[in-house]
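Given chain B, put chain X in place with the hints provided.
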Amino acid sequence: MDWSDTPEQAAFRGEVREFIRNRLPGPYRGTLEEAANDAEELTAGWQADRKSDDGERRDMAIRWASALAEKGWIAPHWPKEYGGAGLSVVEQFIYNQEMSSAGAPAVGGMGVSLLGPTLIVHGTDEQKAEHLPKILSGEVAWAQGYSEPGAGSDLASLQTRAVRDGDDYVINGQKIWTSGAQYADWLFALVRTEPEAPKHRGISFVMMDIKTPGITVRPLTDMGWNQPFNETFFEDVRVPVRNRIGEENRGWYVGMTLLDFERSGISGAVQYARDLGRFVEFVHSDKGKRFARQDMAITRLEVADRRIETEVLFNFAFRIVSMQNRGMVPNYEASVNKLFGSELHQKLARTGMKGFGLYGNLWERKGEHVPMAAHFTRDYVSSVPHTIFSGTSEIQRNVIATRGLGLPRG
Amino acid sequence: MDLGLNEQQELLKNAARDFLENECPETLVREMEEDEKGYSSQLWQKMAEQGWQGLLVPEEHGGAGFDFLDLCVLLEEFGRALVPGPFMSTVLGGAVPLIVAGSDDQKKEFLPKIASGDLIFTLALTEPSARFDEQGVQAKAAVRGKDVTFNGTKLFVPDANVADYLIVAGRTSKGVTLGIVATDQPGVQVTQLQTIARDKQCEVKLNDAKGQLLGADGKGWDLLKPVIQRYTVAECAYLVGLSQMDFEISVDYAKERVQFGRPIGSFQAIQHKCADMVTDVDGSRFIMYKAAWSIATDQPADETQMAVNMAKAWTSEATRRVVAHGQQIHGGIGFTKDYKIQLYFRRQKRAELAFGDADYHRELVATQLGI
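Listed in order, the protein sequences are those of chains B and X.
Reading the first sequence from the start, the letters are residues 1 to 410 in my numbering.
Reading the second sequence from the start, the letters are residues 1 to 371 in my numbering.
No wet-lab data here; the hints were simulated from the structure.
What you were told as hints is all true, and nothing was included just to trick you.
Computed list of lysine-lysine pairs in DSSO-like fashion (alpha-carbon distance at most 30 Å, straight line):
1) X:K349 / X:K337
2) X:K113 / X:K146
3) X:K349 / B:K347
4) B:K354 / B:K366
5) X:K255 / B:K199
6) X:K107 / X:K219
All of these numbers come straight from a predicted model, not from anything done at the bench.
Here chain B stands alone, though its shape is the one from the complex (with noise of 0.2 Å):
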């Protein structure tokens, strides 16, 4: 057992920590306070900055994409034939480590994350030669359509119909939840194909130009004004065959591929982490001290609780990039960080809340009178999805007892 780096390990990351002291915009390492002068901006991070009407803001998001470009860190799990970096999971850890804990936006959203490395894995030279280079230039940006209205938790029954005509599909039905729609150029979507076969086996895998006609992209606004998801409503839009991923009705198992990248979510931890030492600096600090409740005795037993359930939740994502390093595939382990992480979000946002006493009501991000630019009260309502979104807590800990500990499904 070793929590420290290999020398191999350390040079690498001094290689990527170097990388952002350099080439780190100025205003994505900023303070709260400083973040807070861009309050709109701050949870539509860098695809909506790519699509800003500030200019300088666009400049910010190309000048940090060409630099990682320069790298092959746009894709730094993808496999250098196809434009990536081909790091092992061990330095895709680190990298994101580093990258989190200088707060750097990843880039290239769903295309870099998810629908990268499907192609890779399913898609045809062509679809290849099509989208790969255009997710890495940034020319190109994704959004994801997999929920439905009707299918939630219980994805696989899903509905939007595709219907074969000719050399296309013709697709109607509805999807919700597509996150970035509004600034994307192309949607990857799970569609049926089949309704009579069971309802894993005839659904198929498809990506569409998000302007084809008889697309609709709704903004949905959440409980905290901001808009992170659509609807998405698909009224007779044809979409070619050639744009299938996969065999027709194997898309569930297209949709479940991922290729080799760590899976650690180490960036939740190291998110947790900075965000309690800058809660305990600023109660103690000149102008922050003021804030604190009188009656502190409990939330600083809570600000330890949550320091520990921090670290706990680091060695998760440790065990992760460790059993991935052995050449293990992790079981539930995954879920396990999944619902760990999530949960101690709220709980974190919760107990930060909670030092300020009355000034945890205030919203606003700037004023005399907001304690860390209202960072826990903001994150207390937009923690509330983390439990949801990705399979909820209670998919987790079914997928836990199930696939991970053998118990007989219900």
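The following block gives chain X in isolation, referenced to the frame of chain B:
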């Protein structure tokens, strides 16, 4: 960066599991609850033949010279098998203080006999104040040359009823001072306490109890710090093994027990408890090993201290959640004396309390965080 066991640790773990399944069955665990001594001298000797009492003892003193991380691998197996007796007392409360603070002569005198299973040691630290910090040490110590005499009462001393020697912490005008005190003298009076885990914790009254000075006069607390760190993490390792086994027994039971025509493990109410149990057990294992690794590889002192406090704070509560779920999953059978799960439930509490529960360590974490 790797959280797996190395080859030597795998061998140790597997050998320990096989050995303890044969040599320390549930019947022995139960027998020792009622036994006056609380351990089997036969098993004790066989463990010494395995080299376990001397695992940490340097080879020049008759030991195996393994490191602290390796010991924690072994102690996980001890927790799994609920091994009764003075193993931790002797290794953590005897061998470790001697390795840390002993003179060459003292090491030569005692370490080989600990390794060979010929001597039982224990640490007489806590007093009726039940504190684990420096202020908790109020027994009087008087030093004369290489000798030291103790007066006072030590409480919750594990296995003092069978120990040949005590490592006693007392106080001189210079501060906390340690001594090696033989128990076969009139100045040492031992009374067993009845405890929740039916282990053998004792009251030890010291009336002019004589012994050898261990380390320098007044330097005892500095010498005890690494001992307490190791003992604390050792209790965590024991808890990890204990809770892992409780969890495995409970999952097996949930697969077998049928109600409403189906195994209760097919109900989500039970499944989600099991999912939480494995999260707590795994979380405990890695936070414990992180602390053990910090100690074994001599990481910076403040980081190691933090790792130890975090490990005990987390493990104390997480493993209690596990054994509570274990009882609930078992329903009625679980709270009978004859069924095994209660053995884990009661022993978890002993280790939870040993060297400070979560409240104690959480407070120390908060202080170190600067909040």
